[in-house]
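Full structure from sequences and hints, please.
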Amino acid sequence: MWSVFESIIDYIVNMGASVMLPVVIILLSLIMGIKLGKAIRAGLMIGVGFVGLGLIVDLMNAQLGPAAAAMSERFGLSLSVIDIGWPGASPITWASEIATMAIPIAILVNIIMLVLRLTKTVNIDIWNIWHMTFTGAIAYVVTGNFWIGILGVVVHAVIAYKLGDLWAPLMTDYFELDGLTVPHGTSAYMAPIACAVDELIERSPKLKKIDISADTLQEKVGVLGEPIVVGALLGTVVGFLAGYPAQEALPLGVKMSAVMVLMPKVVKCIMEGLFPLSERAKEIMTKKFENSEFYIGLDPAILLGDPQVVTAGLIFMPLTLLIAVLVPGNKVMPFGDLATIGFFIAIAVAVHKGNLFRTLFSGSIIMYMTIWIANQTIPWMTELAVSTGSTNGEHMLAALDQGGSPITYIFTQSFHLENILGLIIISVLYIGSFVFAIRCSKKRAEELKKQ
Amino acid sequence: MKVKVIVACGGAVATSTVAAHKVVELGKKNGIDIDICQIRISEIESNLTGAKLIVTTSNVKRDYGIPLVKGMPFISGIGVEKTEKAILDILKQ
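Taken in sequence, the protein lines are chains A and S.
FYI, the numbering for the first sequence is 9 to 459, going by my numbering.
FYI, the numbering for the second sequence is 84 to 176, going by my numbering.
One should not assume that every hint holds.
[As the list claims (entries may be wrong)] Facing chain A, according to a computed beta carbon distance under 7 angstroms, are these residues of chain S, among others: (1) 92; (2) 93; (3) 94; (4) 95; (5) 96; (6) 97; (7) 98; (8) 124; (9) 126; (10) 140; (11) 141; (12) 142; (13) 144; (14) 160.
[Unchecked claim] Restricting the straight-line Cα-Cα distance to at most 25 angstroms, the calculated cross-link-like pairs of lysine-lysine (BS3-like) are: (15) A/273 <-> S/87; (16) A/295 <-> S/153; (17) A/43 <-> S/112; (18) A/46 <-> S/111; (19) S/111 <-> A/43; (20) S/165 <-> A/296; (21) A/228 <-> S/144; (22) S/135 <-> S/111; (23) S/153 <-> A/290; (24) A/43 <-> S/105; (25) S/144 <-> A/361; (26) S/135 <-> A/273; (27) A/273 <-> S/111; (28) S/112 <-> S/135; (29) S/112 <-> A/290; (30) S/105 <-> A/295; (31) S/105 <-> A/273; (32) A/273 <-> S/153; (33) A/296 <-> S/105; (34) A/128 <-> A/295; (35) A/290 <-> S/105; (36) S/165 <-> A/290; (37) A/361 <-> S/153; (38) A/450 <-> A/128; (39) A/295 <-> S/168; (40) S/112 <-> A/46.
Worth flagging that the hints you see were computed from the coordinates, not collected in a lab.
Ideal Cβ positions, reconstructed from N, Cα and C, are used throughout, including at glycine.
Now the structure itself:
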């Protein structure tokens, strides 16, 4: 009986993520008490998102990849691996073997920490559990040990909920989001670096006085800041720099516009599929922990409308490309994350209380570190993508968002021990920044109390 | 007639999907046929034509010339009724 069951599971797993994922989501939805029709629709929708993503990642790699390589060759650069961004990395993570275990585990870790009073963050955002899952999925792919993968999810989850506690005062004083916090995502785990930079600047009498803020850049930039135009510009410019004639460079521009516009439309399907489940989880969590003592943990997207974050995001689009050229030996061509670079620096903006001058400093360090780590994780990221059937392995892949995460890197490298110097440097820089982050959080909480 | 409502968030993937679901449901309950335009915040300006309302899941301070309601409660679950009322008031005008 058991062997029949086992071979059925094997049979489904072998059909790949676009079949396995819907089946798992349908089952999970049914267990949570969602009606059969709705559950089937949700499951299939995830499959649709996954199939759509495969088409777009292929288009991006097959078209932009060779152009970036040709451009690099002509100018003595090394940018040959395309950044698929969080819209590419998140579905690949959801398709990993660890993903279905990760959702209940991340929720369980949260509940245990809440009951033991180790955190005040109540995470009701199921989508962003993908960040925690990513650390586990990468560690599993690299070490081949399933339990190290699970441990990766747990460790990342613990850090995320603690980050939620740390940033809560900044959510209140800068973003005016009382009772809310953002525990996950790139800006939450990169902001400790901004805290260190902020204290260093405070110590310099000259730099301390400079305060720039600009609300109106978005209006001036107009459509130039829109993803559809960013894609066209980047594709065309890279095409010309690669030595393509206009007949090839312009179509490349339009194709990259298509990638920018279509990417969220297909990834959205995965969120649609998770919707019934995440609504259910939200109901359960808010019922149990609903009072003013807790912070509700939400998606970093709620920070991306702030004018200073918008402005910084616009500035960092070209700046990130420049940094990518400056990082020695960098192979990663920033692309998939470019339109939403604000995700990396949103909380840094709050750390600096909207002072753009300081955000330029900390943001540059954040992007430098992200790009450096993303280079280290190219083989890991590619292996994960191949193991989930998202790509055939012909082209290498990179992802700034989460592929460039110090948490993922430090955790996985600790078990892999292939670049010990890199491990030590990133660990010292990153863990050191946390001291500043704790101080910053305490200071802001005290300022709030005084008011 | 269909009413065009823009629902925007940072990446047009996660929070705006949730908010869009809620706005459509709200419309159905009140007999309003809603046409959702789900986009990133940076794309609002180019999609304004014909829109009656903007719902964002983020703190947008810019004035686009049409009513803007903050849809944060749809994500956090706190203060949903107030937000629903604000949206209905605008759509029923």
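Task: Index of numbered hints that the structure contradicts, given in increasing order - done: none
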